[in-house]
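There are 2 protein chains.
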Amino acid sequence: MIQLLNERDIEFLLYEFLNTEELLKRTKYAEHSKEVFDASIQTAKKIAEKYFANHNAKGDQQEPTFDGKTVQMIPEVKVAWDAFAEAGFLAAHYDFEDGGMQLPDIILRVAMAYITAANVASSGYSFLTIGAGNLIDSFGTDAQKDRYLSRMKTGEFAGTMALTEPAQGSALADITTKAVPQNDGTYRIFGQKIYISGGDQSLTNNIVHMVLARIEGAPLGTKGISLFICPKVLVNEDGSLGERNDVALAGLLHKMGYRNTTSTVLSFGEAEGAEAYLLGEPHKGLSYMFQMMNEARIGVGMGASVLGYQGYLYSLDYAKGRPQGRLPSQRDPKTKQVNIIEHADVKRMLLAQKVYSEGSLALCLYASSLHEDTRTAADDDERKRAAQVLDLLTPIIKSYPSKYGLKANELAIQVLGGSGYIREYPVEQYYRDNRLNPIHEGTEGIQAQDLLGRKVVQAQGAAYREWALLVVADIENANPAIAELAKPLGEALDKLNKVTQGLAMKLLPETELALANASEYLDMFGRVVMAWIWFRKANIAVNACTPQNLHEDEANFYLGKLQAARFFFDWELPQIHTQAALLLSMSAVTSEMRAEWF
Amino acid sequence: MIQLLNERDIEFLLYEFLNTEELLKRTKYAEHSKEVFDASIQTAKKIAEKYFANHNAKGDQQEPTFDGKTVQMIPEVKVAWDAFAEAGFLAAHYDFEDGGMQLPDIILRVAMAYITAANVASSGYSFLTIGAGNLIDSFGTDAQKDRYLSRMKTGEFAGTMALTEPAQGSALADITTKAVPQNDGTYRIFGQKIYISGGDQSLTNNIVHMVLARIEGAPLGTKGISLFICPKVLVNEDGSLGERNDVALAGLLHKMGYRNTTSTVLSFGEAEGAEAYLLGEPHKGLSYMFQMMNEARIGVGMGASVLGYQGYLYSLDYAKGRPQGRLPSQRDPKTKQVNIIEHADVKRMLLAQKVYSEGSLALCLYASSLHEDTRTAADDDERKRAAQVLDLLTPIIKSYPSKYGLKANELAIQVLGGSGYIREYPVEQYYRDNRLNPIHEGTEGIQAQDLLGRKVVQAQGAAYREWALLVVADIENANPAIAELAKPLGEALDKLNKVTQGLAMKLLPETELALANASEYLDMFGRVVMAWIWFRKANIAVNACTPQNLHEDEANFYLGKLQAARFFFDWELPQIHTQAALLLSMSAVTSEMRAEWF
Numbered sequence: 001m002i003q004l005l006n007e008r009d010i011e012f013l014l015y016e017f018l019n020t021e022e023l024l025k026r027t028k029y030a031e032h033s034k035e036v037f038d039a040s041i042q043t044a045k046k047i048a049e050k051y052f053a054n055h056n057a058k059g060d061q062q063e064p065t066f067d068g069k070t071v072q073m074i075p076e077v078k079v080a081w082d083a084f085a086e087a088g089f090l091a092a093h094y095d096f097e098d099g100g101m102q103l104p105d106i107i108l109r110v111a112m113a114y115i116t117a118a119n120v121a122s123s124g125y126s127f128l129t130i131g132a133g134n135l136i137d138s139f140g141t142d143a144q145k146d147r148y149l150s151r152m153k154t155g156e157f158a159g160t161m162a163l164t165e166p167a168q169g170s171a172l173a174d175i176t177t178k179a180v181p182q183n184d185g186t187y188r189i190f191g192q193k194i195y196i197s198g199g200d201q202s203l204t205n206n207i208v209h210m211v212l213a214r215i216e217g218a219p220l221g222t223k224g225i226s227l228f229i230c231p232k233v234l235v236n237e238d239g240s241l242g243e244r245n246d247v248a249l250a251g252l253l254h255k256m257g258y259r260n261t262t263s264t265v266l267s268f269g270e271a272e273g274a275e276a277y278l279l280g281e282p283h284k285g286l287s288y289m290f291q292m293m294n295e296a297r298i299g300v301g302m303g304a305s306v307l308g309y310q311g312y313l314y315s316l317d318y319a320k321g322r323p324q325g326r327l328p329s330q331r332d333p334k335t336k337q338v339n340i341i342e343h344a345d346v347k348r349m350l351l352a353q354k355v356y357s358e359g360s361l362a363l364c365l366y367a368s369s370l371h372e373d374t375r376t377a378a379d380d381d382e383r384k385r386a387a388q389v390l391d392l393l394t395p396i397i398k399s400y401p402s403k404y405g406l407k408a409n410e411l412a413i414q415v416l417g418g419s420g421y422i423r424e425y426p427v428e429q430y431y432r433d434n435r436l437n438p439i440h441e442g443t444e445g446i447q448a449q450d451l452l453g454r455k456v457v458q459a460q461g462a463a464y465r466e467w468a469l470l471v472v473a474d475i476e477n478a479n480p481a482i483a484e485l486a487k488p489l490g491e492a493l494d495k496l497n498k499v500t501q502g503l504a505m506k507l508l509p510e511t512e513l514a515l516a517n518a519s520e521y522l523d524m525f526g527r528v529v530m531a532w533i534w535f536r537k538a539n540i541a542v543n544a545c546t547p548q549n550l551h552e553d554e555a556n557f558y559l560g561k562l563q564a565a566r567f568f569f570d571w572e573l574p575q576i577h578t579q580a581a582l583l584l585s586m587s588a589v590t591s592e593m594r595a596e597w598f
Numbered sequence: 001m002i003q004l005l006n007e008r009d010i011e012f013l014l015y016e017f018l019n020t021e022e023l024l025k026r027t028k029y030a031e032h033s034k035e036v037f038d039a040s041i042q043t044a045k046k047i048a049e050k051y052f053a054n055h056n057a058k059g060d061q062q063e064p065t066f067d068g069k070t071v072q073m074i075p076e077v078k079v080a081w082d083a084f085a086e087a088g089f090l091a092a093h094y095d096f097e098d099g100g101m102q103l104p105d106i107i108l109r110v111a112m113a114y115i116t117a118a119n120v121a122s123s124g125y126s127f128l129t130i131g132a133g134n135l136i137d138s139f140g141t142d143a144q145k146d147r148y149l150s151r152m153k154t155g156e157f158a159g160t161m162a163l164t165e166p167a168q169g170s171a172l173a174d175i176t177t178k179a180v181p182q183n184d185g186t187y188r189i190f191g192q193k194i195y196i197s198g199g200d201q202s203l204t205n206n207i208v209h210m211v212l213a214r215i216e217g218a219p220l221g222t223k224g225i226s227l228f229i230c231p232k233v234l235v236n237e238d239g240s241l242g243e244r245n246d247v248a249l250a251g252l253l254h255k256m257g258y259r260n261t262t263s264t265v266l267s268f269g270e271a272e273g274a275e276a277y278l279l280g281e282p283h284k285g286l287s288y289m290f291q292m293m294n295e296a297r298i299g300v301g302m303g304a305s306v307l308g309y310q311g312y313l314y315s316l317d318y319a320k321g322r323p324q325g326r327l328p329s330q331r332d333p334k335t336k337q338v339n340i341i342e343h344a345d346v347k348r349m350l351l352a353q354k355v356y357s358e359g360s361l362a363l364c365l366y367a368s369s370l371h372e373d374t375r376t377a378a379d380d381d382e383r384k385r386a387a388q389v390l391d392l393l394t395p396i397i398k399s400y401p402s403k404y405g406l407k408a409n410e411l412a413i414q415v416l417g418g419s420g421y422i423r424e425y426p427v428e429q430y431y432r433d434n435r436l437n438p439i440h441e442g443t444e445g446i447q448a449q450d451l452l453g454r455k456v457v458q459a460q461g462a463a464y465r466e467w468a469l470l471v472v473a474d475i476e477n478a479n480p481a482i483a484e485l486a487k488p489l490g491e492a493l494d495k496l497n498k499v500t501q502g503l504a505m506k507l508l509p510e511t512e513l514a515l516a517n518a519s520e521y522l523d524m525f526g527r528v529v530m531a532w533i534w535f536r537k538a539n540i541a542v543n544a545c546t547p548q549n550l551h552e553d554e555a556n557f558y559l560g561k562l563q564a565a566r567f568f569f570d571w572e573l574p575q576i577h578t579q580a581a582l583l584l585s586m587s588a589v590t591s592e593m594r595a596e597w598f
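Heads up: the protein sequence lines correspond to chains B and V, in order. So that you can map any letter, position 586 of the first sequence is 586 in the working numbering, and since no number is skipped, the others follow by simple counting. So that you can map any letter, position 366 of the second sequence is 366 in the working numbering, and since no number is skipped, the others follow by simple counting.
There may be inaccurate statements among the hints.
You can't tell identical chains apart in this list, so a pair holds if it fits in one copy or across any two.
What the hints assert, rightly or not - With a Cα cut of at most 20 Å, we get these calculated DMTMM-like pairs of lysine to aspartate or glutamate: (1) K28 to D95; (2) K334 to E97; (3) K495 to D570; (4) K336 to D98; (5) K145 to D95; (6) K407 to D523; (7) K407 to E572; (8) K334 to E165; (9) K178 to D246.
Derived by calculation from the structure, the hints in this document are not laboratory data.
When you get a sec, could you build the whole thing from the sequences and use the hints?
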């Protein structure tokens, strides 16, 4: 069976890299214990192994089909969905009194990581349902919660987010889906949405679509968008399912990977209009939806990290057991071949995968811990700081794992060579699955604009300074044994400060030019963040290695972290200086290129 | 219909970037004219459009199957094969007296590029047949040529290269397939080969396998390998087809892309042994096979370039016609949306694709011109120099386009966004097809070892110096208008010289360490070569732009080349300085990593 994640590393992330145990001191989690946290994760792992891993390849080979009436899916997906729901994970983060397990977000995220590791496509339905439910929880009325959310928590209903339209793509400001007010306070929706994941399926009797639409007469642009609950099947007063709503599946899209998550085109209001209910206030829909989008962005980073991680583990295992060739200093054909893990270039490809995937997973769990702090940290200041840093880093949490998780999967294929390219091995599917992540929930280009054009400059750069202080503090408090890493990290932060200030000053006078190379800024910032992550890990590793009586496996674990950190600082971080030079030069090569010159 | 390559650019490459017209002065091509060259290419283009483009997607969706007896393929592949063969392209580069069209290699390669652009998978059978035929032409007896080659030229027989074995992978030194001499001078072959492209198919009645095997009692290692002709069906004295040889298709492999080229496991000698005929002398098989491998490596570079090129053209066309969003300085939702090609980040992604794909295609056609010079250049010195430079650059010609053609396809998907990820659009297939290229015909790691461990150091670096002199001469003779590019190119060459010398001196005393980071050296060298390619293009462009009365389309074409060169020098070249620092530091981070630390 394919190994799902690395338990020792998860433990390291939860209890050494992050202070998850400290959460037990917060009132909300006082009734829990580390044992409860770990048992919850183990439950998810078992469900992942038993109900999700079994059909990861099958779901890719036999993707959902649509005969014009219903969506056909392999039956394993519903079995998995039911098992996940029955174990309570769709409501795990809700309070006891709301039918939940009152678990911290990070425990839920680690649980979900195991599910994703087993089968990213089948896990999609759960992510969407949890996210849509959270929206109703945040902005819905009690009646809406009672009618929809309560049944999304049990898995009776699923949820989606319906934003994108065929003509508008990423440009939400221009969406045209129309909501017509009715006398009874409901709305009728007319329009088409595309790339709606889970927009139809054969798992649940009902699907609760969270739809962005424009109320008739609303202003143009983002300030005229409202958010609606629009169920696939209407729900009667008594809770029974009523008529089919006027929401039609216009077709399924056929993806390169992630095939077992349906991707749909939905038509709202082909007849009398799809009945829908306003969530929160009119015209505030986009700001509400950002809650789900931000959650989804972290979720995308998480999924990308985990796919990268799975490819890493598989190719590592392969490299340890595949003899081929000899070292350059030993060419005698009479000598035994070495396992390919002995070749320096294979070690490079494994180390790169290790830093990308373990580093990305650490970043995403750190994001989850920040999210927790925004809600349950002891004092207001701490909550505010956590919110600022999370808001700042969200574009990086979404895009770094997406870019480098994919890169990791590319390397996993390369380690396997010819075997990596054929469907008889799992790594090519990870690669196809992961190619979605730099695209959905805001492309890399959009994340870059968000980071440079908004996040680093808002509130006079307060969030950026908050984050930079964390890095500086970590450098100052680090074990002197990693001074070799502290120095380049400090220099990298200085360089990032300089570039950030330089670009920020140009944003108003020369907006186009300052933002032209934003994608390079995003990548540079991501590298510095990842260097910080690995610096923190190296510091823990050095401290842990100080007693000389460590068990050999433990010593190896920490030495691996240390060597991975060194790899990152030798191979990945130095490129930021080249990037900084490009950014500071305000190169206009891209912006001055003309369509007719191509 | 999808545009195949760019005719204006092909003309530029043949007649401005390279001096293809000069070939007409060589005796061999004296009877030809530019019109003949162009007409041959046009013929191939028409065949590509009519017979190959029609089933590129279909061949991906309906890959070949094997029912235990025969291989089933969609019928379009044979129609395409026949059309290509009937037009004479399988023999185009042979002399008139040998039944060919006596065309220069570069014309054949451009003709093939159109076929590849239309359908890389269906083109595979032709590439392999031409390469296998060339081997027989170089090393075979007249009888072997008569019996096999003559019928490969007409398309009656196809050819393969059968090197890799399941247990050995890339380590050819360790192959175990056995050849047992018979009293009649023939051999019987026993063993299994894997990843044999075109190893079985439904196109031809016979397949001529070029098989590496070890004659019983031969020395271990590379010096005990011989090359054999081993047909699928035995050929009688009178040329009629005889019995089925003892070569069995053990199974088809199922690839991520390139699906319509069968990838096979072949069993030789499950019964009495597969009858085979020694090609050339015993124990020299690997050196012979290097002819085909080198040809195949350039072919891989070409295929990767062309796939990159197709993705570029498609995403360019998409970007020109897809309105979405507004520029950062114009957020008013009442204004019209711009086509996405106006966004700087989309221009970046298109420019990157342009430099990768147009640059790679130029590099591969340059390789073809060098190959031509090794055979038909006027004087011996010129032939020798061409051979040296081609030999040196082959690892780069294979690997740069493979790495960056794939990267280009990744960007093509990104330009299309969600559309790029679904099979309703062609770019995801290009990406899947192209992922093979960094693997087959020697992985990137193997190319890196070949470049640093052999090519740059052999004959005391003579080939490297030959190539460096070409760069220096181009810098010296360049139009002063591109001094902005001449300076960084000169600095890049100096840096590469320094790194090369530094590593070469360490090769003997510290072999493992000197070769540990060879992949980074390969990438660095590739970037410098590509900078040189773009410098040469920029120089032509600047010279062509000097008269002020250029037609607007022409001016745009050259301005595009110039801007692309600037992009390469701003965005791609500067990274070599970071790479050089890593290489000169002799970082041991990868080589010192231990298996148990992962």
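We went through each hint and held it up to the structure:
For the identical chains of this complex, K28 and D95 are intra-copy neighbours only, at 8 Å inside a copy versus 85 Å across copies, given an alpha-carbon limit of 20 Å. Taking CA atoms no more than 20 Å apart as the test, K334 paired with E97 passes in neither setting, with 71 Å inside one copy and 48 Å between copies. Proximity of K495 to D570 under the C-alpha cut-off of 20 Å is found in both arrangements, the shortest distances being 17 Å within a copy and 19 Å between copies. For the identical chains of this complex, K336 and D98 are neighbours neither inside a copy (63 Å) nor across copies (47 Å), given an alpha-carbon limit of 20 Å.
For the homomeric pair K145 and D95, the shortest alpha-carbon distance inside one copy (14 Å) is at most 20 Å, but the shortest distance between copies (81 Å) is not. In this assembly of identical chains, the alpha carbons of K407 and D523 lie at most 20 Å apart whether taken from the same copy (13 Å) or from different copies (16 Å). Taking CA atoms no more than 20 Å apart as the test, K407 paired with E572 passes in both settings, with 13 Å inside one copy and 18 Å between copies. In the homo-oligomer, the alpha carbons of K334 and E165 lie at most 20 Å apart only across protomers (18 Å), although the nearest pairing inside one protomer, at 64 Å, exceeds that limit.
Taking the closest pair of Cα atoms, K178 and D246 come within 20 Å of each other only inside a single copy of the chain (14 Å); across copies the shortest separation is 69 Å, beyond that limit.
The structure does not agree with the numbered hints 2, 4 stated previously, though it agrees with the rest.
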